[in-house]
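Undergrad: Here are the chains, one letter per residue:
There are 2 protein chains.
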Amino acid sequence: MWKRITAKTEGVYIADTEQFVTKKMDKLRAEYGGFPGDLHFGLTKKAGAREPMYQRGTEIFNRRQISIVSMEECDDIAEAMGISHIFPEWLGANIAISGFSALTSLKEGNRIIFPSGASLLCEGENDPCIQPGEVIQSFYPDQPKLAAAFVRHAIGRRGIVCIVERPGDICTGDPVDIHSYEPKRVKKKIEKV
Amino acid sequence: MWKRITAKTEGVYIADTEQFVTKKMDKLRAEYGGFPGDLHFGLTKKAGAREPMYQRGTEIFNRRQISIVSMEECDDIAEAMGISHIFPEWLGANIAISGFSALTSLKEGNRIIFPSGASLLCEGENDPCIQPGEVIQSFYPDQPKLAAAFVRHAIGRRGIVCIVERPGDICTGDPVDIHSYEPKRVKKKIEKV
Numbered sequence: 001m002w003k004r005i006t007a008k009t010e011g012v013y014i015a016d017t018e019q020f021v022t023k024k025m026d027k028l029r030a031e032y033g034g035f036p037g038d039l040h041f042g043l044t045k046k047a048g049a050r051e052p053m054y055q056r057g058t059e060i061f062n063r064r065q066i067s068i069v070s071m072e073e074c075d076d077i078a079e080a081m082g083i084s085h086i087f088p089e090w091l092g093a094n095i096a097i098s099g100f101s102a103l104t105s106l107k108e109g110n111r112i113i114f115p116s117g118a119s120l121l122c123e124g125e126n127d128p129c130i131q132p133g134e135v136i137q138s139f140y141p142d143q144p145k146l147a148a149a150f151v152r153h154a155i156g157r158r159g160i161v162c163i164v165e166r167p168g169d170i171c172t173g174d175p176v177d178i179h180s181y182e183p184k185r186v187k188k189k190i191e192k193v
Numbered sequence: 001m002w003k004r005i006t007a008k009t010e011g012v013y014i015a016d017t018e019q020f021v022t023k024k025m026d027k028l029r030a031e032y033g034g035f036p037g038d039l040h041f042g043l044t045k046k047a048g049a050r051e052p053m054y055q056r057g058t059e060i061f062n063r064r065q066i067s068i069v070s071m072e073e074c075d076d077i078a079e080a081m082g083i084s085h086i087f088p089e090w091l092g093a094n095i096a097i098s099g100f101s102a103l104t105s106l107k108e109g110n111r112i113i114f115p116s117g118a119s120l121l122c123e124g125e126n127d128p129c130i131q132p133g134e135v136i137q138s139f140y141p142d143q144p145k146l147a148a149a150f151v152r153h154a155i156g157r158r159g160i161v162c163i164v165e166r167p168g169d170i171c172t173g174d175p176v177d178i179h180s181y182e183p184k185r186v187k188k189k190i191e192k193v
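Line order of the protein sequences matches chains A and B.
Residues in the first sequence are numbered consecutively from 1, following full-length UniProt numbering.
Residues in the second sequence are numbered consecutively from 1, following full-length UniProt numbering.
Hints are computed from structural coordinates only; laboratory data are not their basis.
Among the hints, erroneous ones may be present.
If several chains are the same, the list does not tell them apart, and a pair holds so long as it fits within one copy or across any two.
Said to hold, decoys possible - Think about it this way: if two alpha-carbon atoms lie no more than 20 Å apart in a straight line, the pair counts; the simulated SDA-like pairs of lysine to any residue are: (1) Lys45 with Gly117; (2) Lys107 with Asn62; (3) Lys27 with Ser138; (4) Lys107 with Trp2; (5) Lys8 with Met53; (6) Lys145 with Ile130; (7) Lys24 with Pro52; (8) Lys3 with Tyr54; (9) Lys107 with Met53; (10) Lys8 with Ser98; (11) Lys3 with Gln55; (12) Lys8 with Lys107; (13) Lys46 with Thr17; (14) Lys3 with Asp127; (15) Lys24 with Ile14; (16) Lys3 with Pro52.
With the rest of the complex left out, here is chain A (with noise of 0.2 Å):
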């Protein structure tokens, strides 16, 4: 029912400015709510484009504490891009991780866990907006559409959104395991005739 994939750390950020860029940091402590002082630290967010149920700044419960991307869909992206590399830090990411390529198809309900115990549990896709495009764009300023093409060719490829599970330290280099489930089907009767 349970399966478990072994990938790893290859760095923590946090975006402790106004910026959405994050930065590289060796070790950061997880809480519930997220990495305390980042940008998108809390138990509670206010409602946005991702959220077009709400009226845009209604208090909500945060699903969005901690985003994580994979090294090599962040590589993918680049080559569908024609660009040499993305840096997890310019997709906003809190953390990277190498080894399991197929990150962002992990599905909600699945546990990523770290040596010190800390775990954060997966709630979905993060859909590709402009913004880390734009910041792509700046860095390749000879190549035009970028910020655009960014949308378009991360789909299913920009990693995942978790909220912390349990509370831990989550340091650059950490082995990470991840937990992934499949539900129990229903069999379906075979009719008699």
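Take the given structure of chain A and dock chain B to it, following the hints.
TA: For chain B alone, coordinates are given in the frame of chain A:
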């Protein structure tokens, strides 16, 4: 991208004793963490059998704050088990809805919104366990092996668990809007030969 389905709140229920079985109320207020006073209320909970990646009793975030069943799926389980009916209370449900028979297949990340503005975030299927089966058995003493039969027949029909995304009142009789999201798919390039 977002699809809206309308259904009806058949009842709101609370487990305000040590008992797993819930009781029907006219109105309950959903706060962050669930229904205050309910057995499953809390922003955190102790890890149990459903979270095998943690040592039992570890404090973790509570993603099982509120459970919802559909009246149609309760009837389907009862029919498959050869009994006349299953009440939502017996399953420890906090909310029962009618008019949306595919409730259990509602995906994580979908929203269930009530007229007060109260909103629940789907955290996925509630896999059946033996406990409600034993409750059902106690109401049908003449029919043997109902507890295990429940676990078998309730797979894919036992409803969902939710977290509170926005606090507010939920009333028996309320209409309810289900906001269901279909993510974009990656378009595969067709190779020209």
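Undergrad: For the identical chains here, do lysine 24 and isoleucine 14 meet the 20 Å Cα criterion within one copy, between copies, both, or neither?
TA: Intra 7 Å, inter 46 Å, cutoff 20 Å: intra-copy only.
Undergrad: Measure nothing new, just compare the shortest in-copy and cross-copy C-alpha distances for lysine 3 and aspartate 127 to 20 Å and report within, between, both or neither.
TA: between (25 Å within a copy, 17 Å between copies)
Undergrad: Should lysine 107 paired with asparagine 62 be assigned to within, between, both, or neither, using CA atoms and 20 Å as the limit?
TA: both (18 Å within a copy, 18 Å between copies)
Undergrad: Between copies, within a copy, both or neither: which fits lysine 8 and lysine 107 at Cα up to 20 Å?
TA: within (19 Å within a copy, 29 Å between copies)
Undergrad: Can you give me the call for lysine 24 and proline 52, within, between, both or neither, at a CA distance of at most 20 Å?
TA: Answer is neither; intra-copy 32 Å and inter-copy 32 Å both fail.
Undergrad: Since the copies are identical, ignore which copy is meant and state whether lysine 3 and proline 52 lie within 20 Å (CA to CA) inside a copy, between copies, both or neither.
TA: between (34 Å within a copy, 11 Å between copies)
Undergrad: Cα distance capped at 20 Å. Does lysine 27 pair with serine 138 within a copy, between copies, both, or neither?
TA: neither (28 Å within a copy, 53 Å between copies)
Undergrad: When no copy is specified for lysine 145 and isoleucine 130, does a C-alpha distance of 20 Å or less occur within a copy, between copies, both, or neither?
TA: within (11 Å within a copy, 57 Å between copies)
Undergrad: At most 20 Å between alpha carbons: which applies to lysine 45 and glycine 117, within, between, both or neither?
TA: Result: close only across copies, 16 Å inter versus 26 Å intra.
Undergrad: When no copy is named, should lysine 3 and tyrosine 54 be tagged within, between, both, or neither for a Cα gap of at most 20 Å?
TA: For lysine 3 and tyrosine 54, only the inter-copy Cα distance (14 Å) is at most 20 Å; the intra-copy one is 36 Å.
Undergrad: How would you classify lysine 8 and methionine 53 at a CA-CA limit of 20 Å: within, between, both, or neither?
TA: between (36 Å within a copy, 18 Å between copies)
Undergrad: Indicate which option fits the pair lysine 8, serine 98 if close means a Cα-Cα distance not exceeding 20 Å: within, between, both or neither.
TA: Answer is within; shortest intra-copy Cα gap is 5 Å, inter-copy 46 Å.
Figure legend: structure checked against the earlier numbered hints; hints not met, in rising order: 3, 7.
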